[in-house]
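Trainee: The primary structure of each chain is shown beneath.
There are 2 protein chains.
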Amino acid sequence: MQNFRVELKKVVDDSYDVQIGRDLIPALVCDMKEGLVGKIRKFAVVTDSNVEKDYGVPVLEALRGAGFEAEIFVFPAGEKSKVRKTKEMIEDAMLAKGFRRDCCVVAVGGGVVSDLAGFVAGTFGRGVPFVNYATTLLAAADASIGGKTAVDTELATNLIGLIYQPRKVYVDIDTWKTLPKEHLINGMAETVKHACLADRDFFEYIEDHVEDVLACVPEVCEYISGKNCNVKYQVVMKDEKEKSLREILNLGHTVGRAIETVSGYRLLHGEALSIGMAAQVNLGCRLGFLSEEERTRVIALQERIGLPVRIPDYIDREELVQKLYTDKKVRDGKLRFVFQRGIGDVMTFGEDVYARPTAEEEIREVIMEL
Amino acid sequence: MQNFRVELKKVVDDSYDVQIGRDLIPALVCDMKEGLVGKIRKFAVVTDSNVEKDYGVPVLEALRGAGFEAEIFVFPAGEKSKVRKTKEMIEDAMLAKGFRRDCCVVAVGGGVVSDLAGFVAGTFGRGVPFVNYATTLLAAADASIGGKTAVDTELATNLIGLIYQPRKVYVDIDTWKTLPKEHLINGMAETVKHACLADRDFFEYIEDHVEDVLACVPEVCEYISGKNCNVKYQVVMKDEKEKSLREILNLGHTVGRAIETVSGYRLLHGEALSIGMAAQVNLGCRLGFLSEEERTRVIALQERIGLPVRIPDYIDREELVQKLYTDKKVRDGKLRFVFQRGIGDVMTFGEDVYARPTAEEEIREVIMEL
Numbered sequence: 268m269q270n271f272r273v274e275l276k277k278v279v280d281d282s283y284d285v286q287i288g289r290d291l292i293p294a295l296v297c298d299m300k301e302g303l304v305g306k307i308r309k310f311a312v313v314t315d316s317n318v319e320k321d322y323g324v325p326v327l328e329a330l331r332g333a334g335f336e337a338e339i340f341v342f343p344a345g346e347k348s349k350v351r352k353t354k355e356m357i358e359d360a361m362l363a364k365g366f367r368r369d370c371c372v373v374a375v376g377g378g379v380v381s382d383l384a385g386f387v388a389g390t391f392g393r394g395v396p397f398v399n400y401a402t403t404l405l406a407a408a409d410a411s412i413g414g415k416t417a418v419d420t421e422l423a424t425n426l427i428g429l430i431y432q433p434r435k436v437y438v439d440i441d442t443w444k445t446l447p448k449e450h451l452i453n454g455m456a457e458t459v460k461h462a463c464l465a466d467r468d469f470f471e472y473i474e475d476h477v478e479d480v481l482a483c484v485p486e487v488c489e490y491i492s493g494k495n496c497n498v499k500y501q502v503v504m505k506d507e508k509e510k511s512l513r514e515i516l517n518l519g520h521t522v523g524r525a526i527e528t529v530s531g532y533r534l535l536h537g538e539a540l541s542i543g544m545a546a547q548v549n550l551g552c553r554l555g556f557l558s559e560e561e562r563t564r565v566i567a568l569q570e571r572i573g574l575p576v577r578i579p580d581y582i583d584r585e586e587l588v589q590k591l592y593t594d595k596k597v598r599d600g601k602l603r604f605v606f607q608r609g610i611g612d613v614m615t616f617g618e619d620v621y622a623r624p625t626a627e628e629e630i631r632e633v634i635m636e637l
Numbered sequence: 268m269q270n271f272r273v274e275l276k277k278v279v280d281d282s283y284d285v286q287i288g289r290d291l292i293p294a295l296v297c298d299m300k301e302g303l304v305g306k307i308r309k310f311a312v313v314t315d316s317n318v319e320k321d322y323g324v325p326v327l328e329a330l331r332g333a334g335f336e337a338e339i340f341v342f343p344a345g346e347k348s349k350v351r352k353t354k355e356m357i358e359d360a361m362l363a364k365g366f367r368r369d370c371c372v373v374a375v376g377g378g379v380v381s382d383l384a385g386f387v388a389g390t391f392g393r394g395v396p397f398v399n400y401a402t403t404l405l406a407a408a409d410a411s412i413g414g415k416t417a418v419d420t421e422l423a424t425n426l427i428g429l430i431y432q433p434r435k436v437y438v439d440i441d442t443w444k445t446l447p448k449e450h451l452i453n454g455m456a457e458t459v460k461h462a463c464l465a466d467r468d469f470f471e472y473i474e475d476h477v478e479d480v481l482a483c484v485p486e487v488c489e490y491i492s493g494k495n496c497n498v499k500y501q502v503v504m505k506d507e508k509e510k511s512l513r514e515i516l517n518l519g520h521t522v523g524r525a526i527e528t529v530s531g532y533r534l535l536h537g538e539a540l541s542i543g544m545a546a547q548v549n550l551g552c553r554l555g556f557l558s559e560e561e562r563t564r565v566i567a568l569q570e571r572i573g574l575p576v577r578i579p580d581y582i583d584r585e586e587l588v589q590k591l592y593t594d595k596k597v598r599d600g601k602l603r604f605v606f607q608r609g610i611g612d613v614m615t616f617g618e619d620v621y622a623r624p625t626a627e628e629e630i631r632e633v634i635m636e637l
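Chains as they are written, first to last, in this note's numbering: chain A, 268 to 637; chain B, 268 to 637.
Don't read these hints as lab results, they were simulated from the structure. None of the values given here were measured: they were computed from a predicted structure. Hints should not be assumed to be uniformly reliable.
Any copy, or any two copies together, can satisfy a pair, since identical chains are not distinguished.
Said to hold, decoys possible - Under the rule of at most 20 angstroms between Cα atoms (straight-line distance), these lysine-lysine pairs were calculated in the PhoX-like manner:
#, residue 1, residue 2
1, Lys277, Lys415
2, Lys510, Lys444
3, Lys309, Lys276
4, Lys306, Lys595
5, Lys347, Lys601
6, Lys320, Lys505
7, Lys601, Lys352
8, Lys309, Lys595
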């Protein structure tokens with residue numbers, strides 16, 4: 268018997284920048300020229316059918332114009348494309364076009380594109396660099412920090428994937444103008460959530476600037492993007508392993524994700540989250556974690572933005588209650604919820620405990636009334 | 268315009284042990300009881316049809332016997348299973364059996380199993396722990412160090428995958444006894460390569476113990492496994508990013524991998540490698556990198572082990588020459604070879620340069636005569 272020790276302790280630096288501004292394609296090309304991804308001269312622009320024309324092709328042409336080799340890989344827009352089959356299709360198309368280890372993936376699009384393209388980059392040639400050109404508020408708010416990539420399978424959402432960090436994220440505010448209004452509104456749900464869980468000033472800023480956001484006033488959009496990054500970054504940094512604190516990012520998601528599924532994805536993620544937030548403040552208010560005035564204020568802000576705060580009639584509420592048990596926070600068969608402590612903070616239930624075991628009856632009543 | 272810096276510098280410790288010995292299933296179970304993978308109590312034993320009965324099921328039963336939850340996932344043995352479809356099949360079967368993030372993958376088998384199971388583990392729940400129970404000499408020699416996992420696609424070998432480190436590797440010498448003789452012989456090819464490129468004493472030890480290896484004398488097998496780990500570890504550690512030194516592990520592989528493909532995988536990897544080593548020493552001898560006596564000695568050792576050292580008649584030599592250009596060392600359209608400097612060392616061609624650009628004519632002549 269012998270034992271051979273493999274020592275693999277090392278310092279890893281995955282730091283990167285999130286650049287927030289307008290019309291950032293020239294900035295991206297400039298970064299590539301300046302060696303952001305080393306000597307790589309071959310780029311795979313991965314995008315979806317929604318943004319192919321407006322942003323995918325312009326990124327492609329700007330890269331080619333700068334003398335780089337670049338190809339574009341487009342898949343049908345929508346959550347349904349976030350599956351292993353699409354990943355395989357992109358990989359095969361890249362291989363057929365001669366892509367090998369010495370390439371860089373450029374994701375151009377919203378959350379689905381960055382999840383999928385990041386996952387492709389993470390396993391192509393055992394990992395090639397990737398950068399993320401985010402074209403939606405949701406992608407800016409949600410997909411810029413944390414490095415989560417994944418696909419869905421029939422039996423599980425986001426379960427097959429990687430933690431894989433981009434080399435840089437570009438949040439192009441100008442792209443929001445071309446977003447369908449409902450998508451802009453949809454993206455605001457995560458923003459309100461971030462404000463609710465960590466930053467009361469930010470909440471008040473949103474209250475004061477709802478119309479400006481919806482009109483895509485650049486300074487306001489930039490401010491909001493920066494704040495979103497900051498809140499998420501602070502939380503993720505303190506709990507990279509997703510052991511406890513990171514659960515607070517699940518605020519509103521227990522009911523939110525369940526209703527998104529039960530609706531058969533008829534509800535957008537942000538819409539579902541908004542209803543989940545309403546359920547959360549209603550239950551939190553009953554339990555004395557926030558005041559009636561604060562409860563009303565959260566719901567009122569969501570309504571002003573144009574987000575739904577009631578469960579649609581077509582949802583089977585009993586099915587929804589049962590669906591709660593597929594939540595990843597469920598432990599020993601018990602539902603667990605994250606709650607706000609007023610506006611701008613979250614409840615703790617003991618040291619480093621942010622999710623509270625919650626009886627089915629408690630949340631059932633809230634759901635039946637919502 | 269604003270810039271948000273995401274600081275992600277940290278110390279990562281992926282160190283692990285390779286335990287080399289006989290009948291290590293109890294050791295594996297004991298490690299799990301002692302918390303090698305934390306509090307995880309759910310295990311996915313991934314294995315192939317060759318070793319299911321002899322090792323897969325015993326590992327499964329030992330884990331269950333210790334009170335763990337465990338399920339077995341078996342795929343058809345052979346390189347042809349090392350594809351994305353098999354990965355998907357294992358993932359779906361795991362999900363159907365209720366596996367989520369809190370599980371550990373136990374690979375039981377040879378190189379194909381560890382490549383595939385490691386890749387499954389690396390992306391399941393964005394990465395769950397995995398341990399590797401190696402049942403072949405080739406897996407012990409090749410798959411224990413380096414953390415490379417991958418699958419093949421029609422257009423590329425080993426190009427979709429991850430660097431993902433196991434929590435522990437068990438090299439069970441006893442398993443070699445049940446290996447078909449050709450597989451044991453096959454595994455010795457990488458061993459001879461390791462000796463040739465880094466350790467003259469090891470080469471002489473193999474010369475002195477050929478019969479003992481083929482008879483699976485435990486002490487000899489243990490010694491060989493330890494030496495294999497050591498050579499590979501020294502090389503990989505000095506060049507984790509696969510920039511230069513690591514290319515020396517490609518000794519014999521330029522012709523070897525091409526002939527493996529051209530044979531339609533009729534040749535086992537080790538057999539193909541052995542022919543590739545013969546080509547390499549023949550060319551190296553012509554170029555004056557090793558003596559005629561050393562050339563003969565390498566080939567003689569391979570022959571004594573039972574490895575082929577000539578190109579089979581059914582191989583189209585012209586096709587083989589063309590296939591060399593798919594080698595990953597090809598740069599700017601030029602073939603590049605690694606060469607031995609005698610026995611136990613490799614040639615360098617400038618500082619940190621281990622692969623020599625080689626004219627097609629030079630290697631063509633060698634191939635035509637082999």
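Trainee: So, for every hint listed, does it hold in this structure?
Mentor: Each hint tested on the structure:
no., hint, result
1, Lys277 / Lys415, "between (22 angstroms within a copy, 18 angstroms between copies)"
2, Lys510 / Lys444, "neither (38 angstroms within a copy, 44 angstroms between copies)"
3, Lys309 / Lys276, "neither (32 angstroms within a copy, 27 angstroms between copies)"
4, Lys306 / Lys595, "between (41 angstroms within a copy, 17 angstroms between copies)"
5, Lys347 / Lys601, "neither (30 angstroms within a copy, 44 angstroms between copies)"
6, Lys320 / Lys505, "neither (39 angstroms within a copy, 46 angstroms between copies)"
7, Lys601 / Lys352, "neither (34 angstroms within a copy, 35 angstroms between copies)"
8, Lys309 / Lys595, "between (39 angstroms within a copy, 17 angstroms between copies)"
Checked against the numbered hints above, the structure breaks hints 2, 3, 5, 6 and 7 and satisfies the rest.
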